[in-house]
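> Residue numbers (my numbering), protein chains in the order written: chain E, 15 to 250; chain D, 30 to 291.
Among the hints, erroneous ones may be present.
Said to hold, decoys possible - Covered by chain D, per the in silico footprint, the following chain E stretches (three or more residues, Cβ under 8 Å):
1) 19-31
2) 92-101
3) 139-151
4) 188-202
To be verified - Label-pair ranges, simulated between beta-carbon atoms:
5) D:GLU95 to E:SER56: 34 to 40 Å
6) D:GLU113 to E:ARG145: 58 to 64 Å
7) E:ARG145 to D:GLU95: 57 to 63 Å
No wet-lab data here; the hints were simulated from the structure.
From a predicted model like this one, the values you see are computed outputs, not experimental measurements.
A virtual CB, placed ideally from N, CA and C, is assigned to each residue, including glycine.
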Amino acid sequence: MIRVDNLNKDFILHAQGGVTIPVLRGAHLEVAPGECVALTGSSGSGKSTLLRLLQGNYAPAGGVIEVAGLDLATATPRQVAALRRATLGYVSQFLRVVPRVPALDVVADPLLALGMDEDEARSRAADLLARLNLPERLWGLSPTTFSGGEQQRVNIARGFVHPYPVLLLDEPTASLDPLNRAVVLDLIREAKARGAALVGIFHDAPARAEVADREVDVTAFSPDAVGRAPVQAEPA
Amino acid sequence: MSGLAMQALAEETPLLSVSGLTRFYGARVGCEDVGFDLYPGEVMGIVGESGSGKSTLLSCLAGHLETDAGKVVYNGQDVLTLAEPARRRLMRTDWAFVHQHARDGLRMNVSAGGNVGERLMAGGARHYGTIRQTAEDWLERVEIDPGRIDDRPSAFSGGMQQRLQIARGLVTGPRLVLMDEPTGGLDVSVQARLLDLLRGLVRRMGLSVVIVTHDIGVVRLLADRLMVMRHGRVVEHGLTDRVLDDPQHAYTQLLVNSVLPT
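Isolated chain D (complex conformation):
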């Protein structure tokens, strides 16, 4: 690699810079002293067993949970110190959150088009025709027949609901997407479709993603970098394939070697 290319890489600033992030549940550790940098266009996976703190970390980043200590710097600003209106504005424009259960991220009594359009309107869009057109485009991009724009998500399959949730999150053109087990609970065939879709969207939109999952296969195919958590702490991090193929920490070795062969 040329020296110039290396220098360009070194000078790029992270989109998100997390340091010392800590959250206790009473005396019990949720997550402790977690730090990482996420660069534009980068996908970072977080794996670990149930109770490892990966979902707590994601909830702290998204502001769904109060944080006891640490910083989450986005665009030069610590989002944990933002006033509530400014934080909400950020969450509905620049950031998106994809929940494991689509019903937590969708409004089930509002049409598919309404679910997508609502986030656009929250971002300031007003023209009905434009909003509907954009919603139709997005349904197509996530492979939902635009003819179903007026149907409610409750009439959709699990995989379709998950894709609709993604459309709702991405319609405002966010730069950062936080995902909590986005393929959890879906059939294997539906998972593959969702993974393929996510990969395409990440590349075309230059998204930065933090994806929490317990599925090693998902991070192998989607994440550039990987963080392994246990008991609330990061025990290992690095290039995804290096962490999975040459794990250094005893816990990572256990995790990787516990995957059943396919």
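One chain only, chain E, in its complex shape:
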């Protein structure tokens, strides 16, 4: 479902003299349906960058990033948008929503975008929020006022409300209590069982051990590892 080959990523900071920061060199990753791969490596090694490249959020500097048959390096914005709608789910650490929309609608939103009937979409959203133990009195309120753990559960519900064939997880258990952490690990196992391909970053090592089939150490793709100069100034 996912095939990354010879992927490079640099950031060029124009405002700071055109400094180029190379982040990934020759990254390689393959994920099969039903498999969960954990990205590991120290802070700053490029885990989040790789996850964002897989989501289409960052533009690669070179190489192939195929997700469900679409190469994100060459895809048009509309193709990426369509992929995200139906195929590629993402559980982010951050919640970006219009500050007035109730939590229930935030969760139902991906289903509405797929054209599902509003009542059906809300009822699925409600089932998932209930499963994640978000008190029903909060469903009608905007999650912008929620605690970190509550916001995270809204994000998780948004990512699991549609059975995406590919799912990216950025620290899905970071701010959860043991009870809700167990619910999230169950959701991940269920997604694997239905054949979804998952890639995640888990600082929570026991959680990683429970759900990940393999670990990929991103440090192997660091520019230092392949003996390149870490910083080079852009020619003036």
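Fit chain D to the given chain E structure using the hints.
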């Protein structure tokens, strides 16, 4: 994604196809060689600082300004070459324009219901009862108490006026909406309400939207795609979140990094 879904996407034709659009103010560039395709149901944001040409572009699209060169193809027809009556008909049925200042898009001495009904009548509606009923429905859809149907917009708050302008524009069921800073000058709380309302309307009506703004937060929440303009030209375009989170052009980096943290 299945090959079939990809093919369906590839075969869909744009609702609006703009190419080489250019407008000079004397020797000064308003906008130059701007081109983009807009597909049904798609929201495209245009950002850039004051004087970047984003409002000039929008005015050229809407026919408020003469264009020096370029094409604006809608439904297979270049609207810039349409005869004036045909262009006007298009603007009051298939297209809608939302001005930054509601008073530019409303008739301030006509009742709220009249403002909405007038556009329906311009589109050919004649039955008074039906027009009033539709106007009431639309006031409700934009969250204005239908009991205020006979009040003039001058008695409304800024946020209500903006919502009324949107009702007036959308009552004819347009397919394309051009918006110039629709949330500019509104309180933050009122902006959120308007954004939520717009998102819902875009989805339910399958609207295609071109929205010009200098507010990065607005495009992040509303636009599928983003175009960044500077000195009259497009310097970067792409998926909204990619342009904002991984900007490639020096100017886009400056623009994104200048947003104050909230």
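> Work down the list of hints and note, for each, if the structure agrees.
Structure-based check of all given hints:
1. 19-31: It holds, with 5 qualifying residues against the three required.
2. 92-101: This one holds; 8 residues, not fewer than the three required, reach chain D with a Cβ under 8 Å.
3. 139-151: violated (count 0)
4. 188-202: Three-residue rule not met by the segment 188-202 of chain E, so violated; n is 0.
5. D:GLU95 to E:SER56: 34 to 40 Å: violated, 59 Å
6. D:GLU113 to E:ARG145: 58 to 64 Å: holds, 60 Å
7. E:ARG145 to D:GLU95: 57 to 63 Å: holds, 59 Å
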